[in-house]
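The task is simple: from the sequences and hints, build the whole structure.
Each chain, letter by letter, is given below.
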Amino acid sequence: MLNIQFRKIFRDIIKSKSRTILTILAIAIGIIGSGSVLFAYSILMREMNKNYMQTNPASASFYINNIDENLVEYVKSNKEIKDIELAGFYTGRIEVSKNQWIGLWLFVIDDFNNLKLNKFKYEKGNFPPKTGEILLERVALGVAEASIGEERLVVLSDNKKVKLKISGTVHAPGEAPAWMEHLVYGYTTKETLSLLTDRSLNELNIMVAKDSLDYKHITNVVSDLSREIESKGYKIEKIAIPYPGKHPHASQLSSLLFLLQTFGFLALILSTILMINLISSMVAQQTRQIGIMKTIGAKTSQIVRLYLGNVLLLSVISLIIAIPIALLFSRGYSGFSATMLNFTIMDNSIPLTEYIKIIAIGIIIPLLSSLYPIIRGAKITVKEALYEYGTKTNDVKINFNINSFNRILLLSIRSIFRKKGRIILTIATIAIGGAIFITSLNVGEGIKKTIDKIKNIALYNIDLKLKSPVVFDKLDVAFANIQNVEKYETWGETNGVIIFDNGKQSNEFSLIGVAENTTIFKPNIINGRWFLPEEENVIVVRSNFFGLNTKYKVGDKVKVKLNNNIIEEFKIIGVEQFIGLPTAFISYKNLQKVVGSENVSTILKIVSKKQDNDSVTYLAKNIEKEFDEQGLIITDNFNTGEYRQALEDHFLIIVSFLVMMAFFIIIVGGMALASTMSIQVIERTKEIGIMKAIGASKIQIIHIFQQESFFIGVISFVISIIVGLPITYFVGNIFGYIFFKFPLSFGLDIKGFFIWFGITIVFAVIASLLPAMKAVSLTVKETLSYE
Amino acid sequence: MNNNFLINVKGISKSFQTKAGVVDILKNVDLRVAEKEFVTIMGKSGSGKSTLLNIIAGIDKPSVGELVIDNSPIHKFSESRLSLWRGKNVGVVFQFFQLLPTLTVIENIMLPMDFCNFLSFSKRKERALALLQKVGMEKHSNKLPDTLSGGEQQRVAIARALANDPSIIIADEPTGNLDSHTAASIMELFGNLSKEGKTVLMVTHERNKIEQANRTILLSDGEIVSDK
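These protein sequence lines are chains Z and F, in that order. Note that the first sequence covers residues 171 to 957 in this note's numbering. Note that the second sequence covers residues 473 to 700 in this note's numbering.
These are calculated hints, taken from the structure and not from any lab test. Predicted model only: the values in this text are computed from it and were never measured. Hints may be right or wrong, so weigh each one.
Cβ-to-Cβ under 8 Å is the rule here; a few derived chain F residues that face chain Z [claimed, not checked]:
| no. | residue |
| --- | --- |
| 1 | N526 |
| 2 | I531 |
| 3 | L556 |
| 4 | G559 |
| 5 | V564 |
| 6 | L583 |
| 7 | C588 |
| 8 | L591 |
| 9 | N636 |
We put the beta carbon where it would ideally sit given N, CA and C, even for glycine.
This is how it looks when you write it as structure tokens:
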């Protein structure tokens, strides 16, 4: 037999169906929000790490042109090295369509069947590829606009164009997603490599014997080993040390999770406030019953237990509803993130600990948040509960001049402030909903604005890299035969590494020589300044350059080893913000002077007369054809518009996610608004009776409530903007730093403000209209005895 | 203190602070009620009769003065202690019945026993049924209050007031919301309670109800002006 108190809980829940549904929904929102975050986090971090660690990433890679057996054996014998693997890495291009090429990273595998380091997973087609065949990374297949079985021209810097058959696809979760890099990753054999170049395997991958996740230890081992290798007469072209155990795109995943966390957290706050509101209203509505129970002997603690039991039951129901939805959301979001970052979710199970956490959140937060209104309600004296409740007002003085206001309007305004605690909660609920809505649309706007800003920094359409320095006259001849070129600038590029005081070297960065009087590059300087045309040995660095050494600042001098082995000192005079790899900028003339013009690869930044994508693609093809005829070897032909489009497309997915969140908030916020407004009206049913008794018409009473709702809507709207703007700034900053390495542009979606204003007012008026209509239809006697 | 009296009201005053100034509801009231007495309290609206009744029931507290019931200084009790004391010693009957709407008739009667831990769990239903029989409502035990008439609800409220077998029954205009025929039968119930040994204090407006009582107090402007 059920305890009578439990029966009362159960029947109260059944009796107040709409409030029960709203309370369950309020709790469920919080659980769905936090549950989605917890579940998605556990799936994504585990799966990303699993995907990455299954590739058995090398501790470091040495790029050496003349690797031989002796060197391999020598490195193998080093006690600090556990594994060593010989491979090849070449950059080149693959033909997308006639005269249209895209960058290719060609990985040459010594033994496809016994790959130990930097592994990838076979997906489709022939494996291993035969001579004359190439496997493409699964995402890269789309980037190359190719399909399995097709033949495509491939060229390395030797400019030997060879048709290779795409034999299949692999999944390489260790590489950055091909769409993000706008690159094609290809995997082939030594034999196929020999068709493309005379050069052979040039990459030595190593795995340290111990502390394989200790970056410092790895750099020490690599530093010692590189000295030993060079002492034996080998020339190391480059060394790459990836951060151990961390997927190259872990930060992008963090940004996606950050978005989820932010909205999960905000949903939890919204849910908590909504819950406090609903529980307060439930306790308020039960005040008379509390008085009766106290009259017949109930102690305050018994009343508290009774209503906490009510909340507990609602929490359990909410958990049962919300957990499957949170599971659905988290799995959907995990799938979306995994597709974006090119890893496979092999197992989307949730650890038991996460279920325990969410059950604890789903029970503890509702109990804690309802504790105050319940205790406050339970402490009421019998006299207050039975004889005085609903007739007392807070001592709020609003000194409006009575003559300047319509008396009914004055009643509406004064009624709003009658119950300070309740009105604060009502406004807070609606304002938080509005702040989330506004933030989600603003962040989306910020992303779009950032992409626009990126577009306005680099005003060229084609970024062309040539194999060797080219005489200007020859370029003029080539361009004379190409239509639709508005202008072009000649830049240069070389690579460098920072030499630290302790003799160690940084990872490689690009040193770009910018045309002195460039008009198509508007650097976004965030600190210091851009260089003057005649200035020498000064550089402007991209903000992510500081990832190489965080101690640097404007005014510091850095020692750089350039690719001709010259060590030169440069002064940092400015910091520029843009996406891309760590880069430093110098004047083109200065670059040529420092490294010698023969060591500078020529970059051509070309502006198309016609800016539409088809015209630019056509121009890029013409350039390919003409340069080929002129004997100018292109190593990269990059359509910046296409890249930006790809970037924009993917960010639009995030923007869509934010818009989806915004609509979710409309529903939730609307419900919050509707419930709080309904409560406002329901609690004043007696007052409605009094007004009717003194002659107020139904329309006049409804009008009072609608005016009140309108004022509450306006106040909440103003607060939601005041709160939403700093949240937008905060979310934009964090998201931007994680994804772009710089803050998002501050975006304001003004139409979002209007939408929210409209929603607030419409919901507020409708939400108060329905209960007010119901209340005015009661007789005076019924309203005065309303419970 | 005279131990022959169950209820001792000594020099009780009650005043309220309003924006217009201090309003005195009760002025230095002294009242002694013996066990098994049936006392009706009468007076005009605003005379202080309900306030006096509420103070005796422990629902309200005096501004000045002492209330001693069965040798316990009630005016000194905390709100929680008052609840428990009231649950065990006082049965309250209101004009508007005040039954809990989501509990059935029998559950409404069993609830005070649950709160005050009166009798063993298994015997509570038996007692509730006996009380319902006493007020003639045993056939309605599983109904919800809003399915009953006013008179029936008041009978249930009386049964609930008796749940923990209190020595005092306090009723604030229990017939004020009932027709005359029903009111008479309710008054008869109160009369029976008094005969069974309960001390009954009742506020009423209606002079013709007094025949059930053995003592009538008349209040005017917060003072006892007649005690017969």
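We went through each hint and held it up to the structure:
1. N526: At 6 Å from the nearest chain Z Cβ, N526(F) passes the 8 Å test, so the hint holds.
2. I531: Since chain Z brings a Cβ to about 4 Å from I531(F), closer than 8 Å, the hint holds.
3. L556: holds, 6 Å
4. G559: Hint holds; G559(F) Cβ to chain Z Cβ min 2 Å, cut 8 Å.
5. V564: holds, 5 Å
6. L583: holds, 5 Å
7. C588: C588(F) check passes; min Cβ-Cβ to chain Z is 4 Å, inside 8 Å.
8. L591: Hint violated; L591(F) Cβ to chain Z Cβ min 13 Å, cut 8 Å.
9. N636: holds, 7 Å
Hint compliance for this structure: hint 8 alone is broken.
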